[in-house]
Amino acid sequence: MKKFTLLLVLLVAAFALPTVAQEEELLSVSAESCDYGGIIKSIEAVDSLTVKFSLCVPDPAFPSKAAFSAFGIQSSENLEASGGAPIETPVGTGPYSLERWDRGTEIVFTRNESYWGEPAKEGTLIFRWNSESAARVTELQAGTVDGIDNPGPADFALIEGDPNLALFPRDGANVFYIGFNNTIAPFDNPLVRQAIAHAIDKQRIVDNFYPEGSSVATQFMPPAIPSGYTPEVEPFPYDPERARELLAEAGVTLPLEVKLTWRDVVRGYLPTPGIVANDIASQLAEVGINVTVEVVESGAFIQSVQAGTEGFYLLGWGADYPDATNFLDYHFGDNTNAQFGTKFDTITAPLKAAASLSDFEARQALYVEANTAIRDNVPMIPVAHGGSATAFRAEIVGAHSSPLSNEQFSVVEDPSDDVFVWMQNGEPISLYCADETDGESLRACEQVVESLLGFEVGSTGIVNVLAESYSANEDLTEWTFTLREGVTFHDGTALDANDVVLSWLVQWDASHPLHVGNSGQFEYFGSLFGAFLNAPATE
Amino acid sequence: MSSTSRNVVALKPTEDLLGPRRAPWRDTVGRILRNRSAVVGLIMISFMLLVAVGADLIATHAPNEPMFGKPGEVAPLPRKPPCVPAFGCTEPMHLMGLDQNARDVFSRVVHGSRLSLFVGITVVAFALSVGVLIGLVAGFFGGWVEDVLMRSMDVLLAFPSLLLAIAIVTILGPGLQNALLAIGIVSVPVYARLTRASVLSAKEMEYVTAGRALGAGPMRLMFVNILPNVLTPLIVQATLGVGTAVIEAAALSFLGLGAQPPDPEWGQMLSEARALVFTAPHLVFFPGIAITFTVLGFNLLGDGLRDALDPRLRGTN
Chain A
23 MKKFTLLLVL LVAAFALPTV AQEEELLSVS AESCDYGGII KSIEAVDSLT
73 VKFSLCVPDP AFPSKAAFSA FGIQSSENLE ASGGAPIETP VGTGPYSLER
123 WDRGTEIVFT RNESYWGEPA KEGTLIFRWN SESAARVTEL QAGTVDGIDN
173 PGPADFALIE GDPNLALFPR DGANVFYIGF NNTIAPFDNP LVRQAIAHAI
223 DKQRIVDNFY PEGSSVATQF MPPAIPSGYT PEVEPFPYDP ERARELLAEA
273 GVTLPLEVKL TWRDVVRGYL PTPGIVANDI ASQLAEVGIN VTVEVVESGA
323 FIQSVQAGTE GFYLLGWGAD YPDATNFLDY HFGDNTNAQF GTKFDTITAP
373 LKAAASLSDF EARQALYVEA NTAIRDNVPM IPVAHGGSAT AFRAEIVGAH
423 SSPLSNEQFS VVEDPSDDVF VWMQNGEPIS LYCADETDGE SLRACEQVVE
473 SLLGFEVGST GIVNVLAESY SANEDLTEWT FTLREGVTFH DGTALDANDV
523 VLSWLVQWDA SHPLHVGNSG QFEYFGSLFG AFLNAPATE
Chain B
30 MSSTSRNVVA LKPTEDLLGP RRAPWRDTVG RILRNRSAVV GLIMISFMLL
80 VAVGADLIAT HAPNEPMFGK PGEVAPLPRK PPCVPAFGCT EPMHLMGLDQ
130 NARDVFSRVV HGSRLSLFVG ITVVAFALSV GVLIGLVAGF FGGWVEDVLM
180 RSMDVLLAFP SLLLAIAIVT ILGPGLQNAL LAIGIVSVPV YARLTRASVL
230 SAKEMEYVTA GRALGAGPMR LMFVNILPNV LTPLIVQATL GVGTAVIEAA
280 ALSFLGLGAQ PPDPEWGQML SEARALVFTA PHLVFFPGIA ITFTVLGFNL
330 LGDGLRDALD PRLRGTN
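Here the protein sequences line up with chains A and B, keeping their order.
So this note's numbering is basically just the index in the first sequence, starting at one, shifted up by 22.
So this note's numbering is basically just the index in the second sequence, starting at one, shifted up by 29.
Rather than coming from a laboratory, the hints here were simulated on the basis of the structure.
The structure presented is a predicted model; accordingly, all values stated were derived computationally and were not measured.
Please note that a few of the clues may not be correct.
Derived DEER-like restraints, expressed as beta-carbon distance ranges [to be verified]: (1) B/Val68 with A/Asp460: 55 to 63 Å; (2) A/Val287 with B/Phe170: 51 to 59 Å; (3) A/Ala272 with B/Phe252: 52 to 60 Å.
Derived DMTMM-like pairs (lysine to aspartate or glutamate); straight-line CA-CA distance at most 20 Å [as the list claims (entries may be wrong)]: (4) A/Lys74 with A/Asp497; (5) A/Lys281 with B/Asp292; (6) A/Lys374 with A/Asp356; (7) B/Lys99 with A/Asp229; (8) B/Lys99 with A/Asp261.
Cβ atoms here follow ideal geometry from the backbone N, Cα and C, with glycine treated the same way.
Produce the entire structure from the sequences given, and follow the hints as far as they go.
What follows is the structure in structure tokens.
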């Protein structure tokens, strides 16, 4: 095993000397080298209000990542007091603080009276949940809740027709695709993949099996995310005649027998997986491809797809942060898993070049190249961007939906009383979102804990939150954040650079005593920053 | 032709003397036909058999063909309720509506009858042949052979049948054939026990003793002397068993372990539409009715057969 040493200049802060105006020791951590596999080189507190991140490779998406709620800043005292797992006791700087969490029933948040920005409109915010969409709509109609997430597609018309309710469609910052593995016959033949791309009537799928607000995917990037979305790249049109020609050209014997695998899990990008799988099978039957549809258990399915053993499968992707790297590089870049089989140089090269540029136009030009290569090589067929919605009672002020599903309730006001009740699909798993990937948990965390940057309400634009400003060096490998002055945590302690460093460090450094979390996986950190420092060897 | 009629004429005097002579099977058929539930069951099953055989003629569409882009169809198509022109519907006819994939439910239910009857009959044929063999051998030989065979049947019976079928399918992998095998294996003990019980009493009968005294070997005793005389309860049980098998196959398919999409298996249809039970009830109603109808038919016939064939119940109708 390779061994890494950590240059850790860590001294316990001088809490014991309240009367002496003593400078706190500044926390600073760096990896010995970039060989550990991750992209973070060091995190330093330059002074009490300045934090500098040095990276091993240029990362233009770093601000998007820093805005993501998995990298929220927690109070250091609380992180230590909870042993690195503030699962039910998050202490952040947000407009609401956690009052209590009745497991199985509700979460109650109270307004943070000493919030640094615009205070929350309502004194109390309550989160409830119900997995049945029909039940959520019923509660909204009855007025027992003020806003709900994901009304069922069948209820959209009902809500729009009710003068007491208001619907807020959510653009799909996601993509549903039909994946191929180009090492498995007959999908190793590009003509077969192209033929299937011509044989799929995406419009029919979106019109019949997707809720309002969904759109046909012309490419892997959803239009809701400007970076990487290149409308000039036209998809292959639906043309069954051309599909038959291509199949004939490919020299396969018809009917071609293939197996299509999917998992029975409802996601925003694929609200009715079984029905869509059946429809794809019947569409392909028309061009002479006999599809056997096979459902695989979700966990086993993902594993098998990533290991490159599924030749033809249904999968999708939802945005973690609004940047092309989260979609394109994550799937088609150099270091991705084997889900599409052998990599295409014509795709990986422009992606790699684009990832180290900061100029939007220059990046877009490379993404046109990459998206064209993706279309022509057909590692997958993008089918749809699934829309969903939130619904509120009509009199609620500031009601909105967010393409990233991170609705912010501090701007929401219920004129009739001082309580806002929100009902979502499920109960949060924990309120320590560094170690959660579930959207139901993230939304709850976002009310309490803030990150260095954040997203505009109801949009994907990046705004400064705990950082007053930030800047990067020329080649995008050093990012410096200047913190807002006078921000306090809910426990009364003041925010300083050490809190920021520690909140990141406990995720980054796998050997840190506070690297505990809920499951200990810290999934998002691992996938967004490549690897953990001092990670135990995997034999 | 002519010789037959001459014979009848020749027999006439004897008939007058002794009353009409009837073959035993005619006696039985007569009793069955006098049993109302047996007749109703028989009619229901015959109807389903006709539907299954003539599915291609009866069905209005191909079972797996979506109606998208078909002439006259008006969007939105998925989950469209039944449309019967006789009741004033102006769109193309769909007697039982369209399903979530815009396929004609009527055609799917009709084609589903093939699968369900095939499942029921195959399963019972399998379970019957294996079960009867085990029961015959166990009952006839007794001793350790009986102990080994019947205790293993007891082990099978100790599991809830559906749970055991699920376990077997999990090992073999989902699919209609494997589901058939699983339900078949699960049904074996019922027939084995029934056969053994009948064999135990039958093998003490004088005709068996006579056969043995005449030097008949065990094979002849088992299959020629005993088997025909223990068939009655087996016929009843097998008829009821078809109904059970249809239900269990539907249950396995409902759980996603039996028939796989896009097969129009009734349980599979119910499973795919279960989330839509409130928005599109016709998707669960018609396959549900089809299962009920078929199973009820076999149960009525089975009950009727028992009443007609069981000497102890004879005359109590």
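Which hint numbers doesn't this structure obey?
Going through the list in order, the structure violates no hint and respects every one.
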